[in-house]
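Just so you know, the sequences run in chain order L and X.
217 is the number that the working numbering gives to position 217 of the first sequence; each next residue is one higher, with no gaps.
309 is the number that the working numbering gives to position 309 of the second sequence; each next residue is one higher, with no gaps.
Since the hints were made in silico from the structure, they are not lab data.
Ideal Cβ placement from N, Cα and C applies to all residues, glycine included.
Among the hints, erroneous ones may be present.
With a straight-line Cα cutoff of 25 Å, these simulated SDA-like cross-link-like pairs (lysine to any residue) come out [to be verified]:
hint: 1; chain 1: X; residue 1: Lys13; chain 2: L; residue 2: Arg232
hint: 2; chain 1: L; residue 1: Lys257; chain 2: L; residue 2: Val160
hint: 3; chain 1: L; residue 1: Lys49; chain 2: X; residue 2: Val123
hint: 4; chain 1: L; residue 1: Lys190; chain 2: L; residue 2: Leu116
hint: 5; chain 1: L; residue 1: Lys13; chain 2: X; residue 2: Asp221
hint: 6; chain 1: X; residue 1: Lys13; chain 2: L; residue 2: Thr148
hint: 7; chain 1: L; residue 1: Lys49; chain 2: X; residue 2: Leu255
hint: 8; chain 1: X; residue 1: Lys13; chain 2: L; residue 2: Tyr266
hint: 9; chain 1: L; residue 1: Lys13; chain 2: X; residue 2: Thr319
hint: 10; chain 1: L; residue 1: Lys49; chain 2: X; residue 2: Pro91
hint: 11; chain 1: X; residue 1: Lys13; chain 2: L; residue 2: His147
hint: 12; chain 1: X; residue 1: Lys185; chain 2: X; residue 2: His173
hint: 13; chain 1: X; residue 1: Lys49; chain 2: L; residue 2: Leu116
hint: 14; chain 1: L; residue 1: Lys211; chain 2: L; residue 2: Leu239
hint: 15; chain 1: X; residue 1: Lys2; chain 2: L; residue 2: Thr319
hint: 16; chain 1: L; residue 1: Lys49; chain 2: X; residue 2: Asp221
hint: 17; chain 1: X; residue 1: Lys185; chain 2: X; residue 2: Leu255
hint: 18; chain 1: L; residue 1: Lys49; chain 2: X; residue 2: Val50
hint: 19; chain 1: X; residue 1: Lys2; chain 2: L; residue 2: Val127
hint: 20; chain 1: L; residue 1: Lys49; chain 2: X; residue 2: Val96
hint: 21; chain 1: X; residue 1: Lys49; chain 2: L; residue 2: Val50
Far from chain X, by Cβ distances over 12 Å, these chain L residues were calculated [claimed, not checked]:
hint: 22; residue: Val151
hint: 23; residue: Arg284
hint: 24; residue: Ile289
Restraint-style ranges between C-beta atoms, simulated for each label pair [said to hold, decoys possible]:
hint: 25; chain 1: X; residue 1: Asp315; chain 2: L; residue 2: Ser53; range: 27 to 37 Å
hint: 26; chain 1: X; residue 1: Ile14; chain 2: L; residue 2: Val286; range: 36 to 46 Å
hint: 27; chain 1: L; residue 1: Ser53; chain 2: X; residue 2: Gly92; range: 11 to 21 Å
hint: 28; chain 1: L; residue 1: Leu172; chain 2: X; residue 2: Ser150; range: 32 to 42 Å
hint: 29; chain 1: X; residue 1: Val286; chain 2: L; residue 2: Asp5; range: 38 to 48 Å
hint: 30; chain 1: X; residue 1: Val317; chain 2: L; residue 2: Ser53; range: 42 to 52 Å
hint: 31; chain 1: L; residue 1: Gln16; chain 2: X; residue 2: Asn210; range: 45 to 55 Å
hint: 32; chain 1: X; residue 1: Ile6; chain 2: L; residue 2: Ile14; range: 37 to 47 Å
hint: 33; chain 1: L; residue 1: Arg4; chain 2: X; residue 2: Val176; range: 29 to 39 Å
hint: 34; chain 1: L; residue 1: Asn235; chain 2: X; residue 2: His139; range: 40 to 50 Å
hint: 35; chain 1: X; residue 1: Ser212; chain 2: L; residue 2: Ser53; range: 42 to 52 Å
2 protein chains.
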Amino acid sequence: MKVRDIGEQGLLKILQRFCPPDVIGDDAAVLITEPDKSLVVTTDVLVDKVHFSEITTSPEDAGWRAVAANLSDLAAMGASPLGITVGLGLPGDIEVDWVERLYCGMSECLQKYSALIVGGDLVRAPVTTISITAFGQAHPQNIIRRHTASVGDAIVVTGVHGASRAGLELLLHPEVGQYLSEVEKQTLIKAHQRPQPRLDILPIIEKIVNKSTVSGMDSSDGLADAILQICRASNVGALIEWQKIPIPQVFKSWLDKAQAIEYTLYGGEDFELVLCLPLYGALRLVQEIPGTAVIGTITSNLQVVVHDNSEKIPDQVLTLDRGFQHF
Amino acid sequence: MKVRDIGEQGLLKILQRFCPPDVIGDDAAVLITEPDKSLVVTTDVLVDKVHFSEITTSPEDAGWRAVAANLSDLAAMGASPLGITVGLGLPGDIEVDWVERLYCGMSECLQKYSALIVGGDLVRAPVTTISITAFGQAHPQNIIRRHTASVGDAIVVTGVHGASRAGLELLLHPEVGQYLSEVEKQTLIKAHQRPQPRLDILPIIEKIVNKSTVSGMDSSDGLADAILQICRASNVGALIEWQKIPIPQVFKSWLDKAQAIEYTLYGGEDFELVLCLPLYGALRLVQEIPGTAVIGTITSNLQVVVHDNSEKIPDQVLTLDRGFQHF
Numbered sequence: 001m002k003v004r005d006i007g008e009q010g011l012l013k014i015l016q017r018f019c020p021p022d023v024i025g026d027d028a029a030v031l032i033t034e035p036d037k038s039l040v041v042t043t044d045v046l047v048d049k050v051h052f053s054e055i056t057t058s059p060e061d062a063g064w065r066a067v068a069a070n071l072s073d074l075a076a077m078g079a080s081p082l083g084i085t086v087g088l089g090l091p092g093d094i095e096v097d098w099v100e101r102l103y104c105g106m107s108e109c110l111q112k113y114s115a116l117i118v119g120g121d122l123v124r125a126p127v128t129t130i131s132i133t134a135f136g137q138a139h140p141q142n143i144i145r146r147h148t149a150s151v152g153d154a155i156v157v158t159g160v161h162g163a164s165r166a167g168l169e170l171l172l173h174p175e176v177g178q179y180l181s182e183v184e185k186q187t188l189i190k191a192h193q194r195p196q197p198r199l200d201i202l203p204i205i206e207k208i209v210n211k212s213t214v215s216g217m218d219s220s221d222g223l224a225d226a227i228l229q230i231c232r233a234s235n236v237g238a239l240i241e242w243q244k245i246p247i248p249q250v251f252k253s254w255l256d257k258a259q260a261i262e263y264t265l266y267g268g269e270d271f272e273l274v275l276c277l278p279l280y281g282a283l284r285l286v287q288e289i290p291g292t293a294v295i296g297t298i299t300s301n302l303q304v305v306v307h308d309n310s311e312k313i314p315d316q317v318l319t320l321d322r323g324f325q326h327f
Numbered sequence: 001m002k003v004r005d006i007g008e009q010g011l012l013k014i015l016q017r018f019c020p021p022d023v024i025g026d027d028a029a030v031l032i033t034e035p036d037k038s039l040v041v042t043t044d045v046l047v048d049k050v051h052f053s054e055i056t057t058s059p060e061d062a063g064w065r066a067v068a069a070n071l072s073d074l075a076a077m078g079a080s081p082l083g084i085t086v087g088l089g090l091p092g093d094i095e096v097d098w099v100e101r102l103y104c105g106m107s108e109c110l111q112k113y114s115a116l117i118v119g120g121d122l123v124r125a126p127v128t129t130i131s132i133t134a135f136g137q138a139h140p141q142n143i144i145r146r147h148t149a150s151v152g153d154a155i156v157v158t159g160v161h162g163a164s165r166a167g168l169e170l171l172l173h174p175e176v177g178q179y180l181s182e183v184e185k186q187t188l189i190k191a192h193q194r195p196q197p198r199l200d201i202l203p204i205i206e207k208i209v210n211k212s213t214v215s216g217m218d219s220s221d222g223l224a225d226a227i228l229q230i231c232r233a234s235n236v237g238a239l240i241e242w243q244k245i246p247i248p249q250v251f252k253s254w255l256d257k258a259q260a261i262e263y264t265l266y267g268g269e270d271f272e273l274v275l276c277l278p279l280y281g282a283l284r285l286v287q288e289i290p291g292t293a294v295i296g297t298i299t300s301n302l303q304v305v306v307h308d309n310s311e312k313i314p315d316q317v318l319t320l321d322r323g324f325q326h327f
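So that you can see chain L by itself, here it is in the shape it has in the complex:
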């Protein structure tokens, strides 16, 4: 069944099943905001063949990933999600089933975090385009910014980097995984298809750290990009120790060092948080959150340097040019 066959009203009827009935049905969605809360808003656009493709991404995974990317932005700000709006541009000959499965994936990810699809727009377009705007709330003093990193702060990552990029490679070129076990392959592929926004970190930070000392962002565009963005916004530099960055265990036997560094620093879409805070708090986070690690220190010299303790490779100075550029 094509979208063209059932028209806008028919498609709307199907998609409204995914939305709370008391919120939808008017010109806009209404959410009660509580006193002393900040509204946090973020938006992402995904385009068929640019950001997802049928080869690597089922419609459910495309939906999950689109939502996860937005929720990750909220997590990076210290905000709890309220809901999302979905703007869909669709060619007339797209299967209705594809759209429904996309919404299933979005709903699945949202449900995990008690967030809702509260509205959207459906239009005809020559290429499938998914625009998601997510909004959340936070106490104003709990918001995490990227421009407040201080010299001497420890740099913490909340999990492994490079896994999502490796998973994508296995989907695009299955032959590169010929010496990996099925479990190893599926772990990496799942990291790519079903990334987890780290909203679980927020209550832990709130409990054990002085929030006003925490800065950071998520690593959606790569670990290197996140560190560089934080440093640029805070007018500081960083010294990263390569050996301290958590990477998938299998990288050590499977990839040569250059490839491992490439995936880990520039791969992107791991959707972990990169946080800067005083060492004492950082070590408490490492204790409380499995997989978390201190990977370096904020410095005053404005460069971001990756140092290899094994001294097999010279120090690398990271630059934004190597990150993902959209054009």
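Got chain L sorted already, so can you dock chain X onto it with the hints?
The following block gives chain X in isolation, referenced to the frame of chain L:
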């Protein structure tokens, strides 16, 4: 200069000039919400050659119209705008100048209502796509819904209908305007290019009407569509008097009756409000707001009937099928 030439970072630098510096620069935008306010969210997607085209729409007008459509949705809910996010899908060879002019148009419309561009996303896409999400706030008891129209309510429109559609026709086929004066033509064309969201109506409603008695929506998809949507949501019908609908003066000499009815009822994009409320309040609105008129009454018989007092045409029963369908 093509977008490809300056890349994402270059384009971002240009577009950030349109955003408040203390709100942008992180993973998401933060807005302080006040106590006892509801958050109202709406979203629209516009696609090149589907929703706008170079023939009829300059980039400034495309930007203005995209923002106006979203602000009109907020007005229809009784909400004051806070800001918007903009998701842009752009081909690499689009002129940077086009994008900047688009933002100029968006900013111009937002400034009129003290709203801001608080964030966005820029991605590569084979076709230009503009996704706007607007959010506003309202006291929960002041929100206007479309499902609460009551039998006996007067139906009010806040201005003329058909002008935008006529303006589009003049842009597409200038020859149809050969017997119109330059002022007449420009008035209709401006109605199409620079529609005004009726946020100016909200304080007046608040002042002179019991808000809990008001239902309604905007007429973005046409006057017929608005009345039908309200009636369907409220499980009522309506009797509309054709002679009472404000239309551009020039329609009477310029268009035959069938054409005038077509433009007025189904033209769309006039972005007026269609409100249902008790007659006493309706007449007070008409007194206070120039151009406003009572055009009919909510009935119990579930049909929407347009009656012509001149009896030159028989009563028409409106249906949704004739409205704008996206697929």
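Each hint tested on the structure:
1. For the proposed pair X/Lys13 and L/Arg232, the alpha carbon gap of about 14 Å is at most 25 Å, so the pair holds.
2. Between L/Lys257 and L/Val160 the alpha-carbon distance is near 16 Å, which keeps this suggested pair within the 25 Å criterion.
3. For a cut-off of 25 Å, the pair hint linking L/Lys49 to X/Val123 stands: about 12 Å separates their Cα positions.
4. Note on L/Lys190 and L/Leu116: the hinted pairing holds, with a Cα-Cα distance of about 24 Å set against a maximum of 25 Å.
5. Taking the CA atoms of L/Lys13 and X/Asp221, the gap is near 18 Å; set against the 25 Å cutoff, the hint holds.
6. At most 25 Å may separate the alpha-carbon atoms for a hinted pair to count; X/Lys13 and L/Thr148 meet this at roughly 21 Å.
7. Using a Cα cut-off of 25 Å, the hinted pair L/Lys49 and X/Leu255 is violated, with the two alpha carbons roughly 47 Å apart.
8. Distance restraint check for X/Lys13 and L/Tyr266: the Cα-Cα separation of roughly 22 Å lies within the 25 Å cut-off, and the hinted pair is therefore satisfied.
9. At roughly 18 Å between alpha-carbon atoms, L/Lys13 and X/Thr319 fall within 25 Å of each other, so this suggested pair holds.
10. Among the hinted pairs, L/Lys49 with X/Pro91 is consistent with the structure: their alpha-carbon atoms are about 13 Å apart, no more than 25 Å.
11. Straight-line distance between C-alpha atoms of X/Lys13 and L/His147 comes to about 17 Å, which keeps the hinted pair within the 25 Å bound.
12. In summary, the hint linking X/Lys185 to X/His173 is supported, as the alpha carbons are separated by about 12 Å, within the 25 Å threshold.
13. Among the hinted pairs, X/Lys49 with L/Leu116 is inconsistent with the structure: their alpha-carbon atoms are about 32 Å apart, more than 25 Å.
14. Distance hint between L/Lys211 and L/Leu239 is fulfilled; the C-alpha atoms sit about 23 Å from each other, no more than 25 Å.
15. For the hint pairing X/Lys2 with L/Thr319, the CA-to-CA distance comes to about 24 Å; that is within 25 Å, so the pair holds.
16. At roughly 31 Å between alpha-carbon atoms, L/Lys49 and X/Asp221 are farther apart than 25 Å, so this suggested pair is violated.
17. Note on X/Lys185 and X/Leu255: the hinted pairing holds, with a Cα-Cα distance of about 13 Å set against a maximum of 25 Å.
18. Straight-line distance between C-alpha atoms of L/Lys49 and X/Val50 comes to about 21 Å, which keeps the hinted pair within the 25 Å bound.
19. For a cut-off of 25 Å, the pair hint linking X/Lys2 to L/Val127 stands: about 21 Å separates their Cα positions.
20. Between L/Lys49 and X/Val96 the alpha-carbon distance is near 23 Å, which keeps this suggested pair within the 25 Å criterion.
21. Pair hint X/Lys49 plus L/Val50 holds up; C-alpha atoms about 21 Å apart against a cutoff of 25 Å.
22. With a closest Cβ-Cβ approach of about 20 Å to chain X, L/Val151 is found to remain outside the 12 Å limit, as its non-interface label requires.
23. Every CB of chain X lies more than 12 Å from the CB of L/Arg284, the least distance being 24 Å, so the non-interface label holds.
24. Distance check for L/Ile289 against chain X: the nearest CB is about 19 Å away, which clears 12 Å, and the non-interface claim stands.
25. As the Cβ distance of X/Asp315 to L/Ser53 is approximately 54 Å, the hint placing it in 27 to 37 Å is violated.
26. The hinted range of 36 to 46 Å is satisfied by X/Ile14 and L/Val286, whose Cβ atoms lie roughly 41 Å apart.
27. The hinted range of 11 to 21 Å is satisfied by L/Ser53 and X/Gly92, whose Cβ atoms lie roughly 18 Å apart.
28. Between L/Leu172 and X/Ser150, the C-beta spacing of about 59 Å breaks the proposed range 32 to 42 Å.
29. Distance hint for X/Val286 and L/Asp5: a CB-CB separation of about 44 Å, consistent with the stated range 38 to 48 Å.
30. In this structure, X/Val317 and L/Ser53 meet the distance hint of 42 to 52 Å, their C-beta atoms being roughly 47 Å apart.
31. Checked against the hint of 45 to 55 Å, the C-beta distance between L/Gln16 and X/Asn210 comes to roughly 31 Å, which is inconsistent with it.
32. X/Ile6 and L/Ile14 have their C-beta atoms about 41 Å apart, which keeps the hinted 37 to 47 Å range intact.
33. For the pair L/Arg4 and X/Val176, the beta carbons lie near 30 Å from each other, so the given range of 29 to 39 Å is met.
34. Restraint check, L/Asn235 to X/His139: a C-beta distance of roughly 42 Å satisfies the suggested window 40 to 50 Å.
35. The hinted range of 42 to 52 Å is satisfied by X/Ser212 and L/Ser53, whose Cβ atoms lie roughly 51 Å apart.
Consistency with the previously given hints fails for numbers 7, 13, 16, 25, 28 and 31, ordered from lowest to highest.
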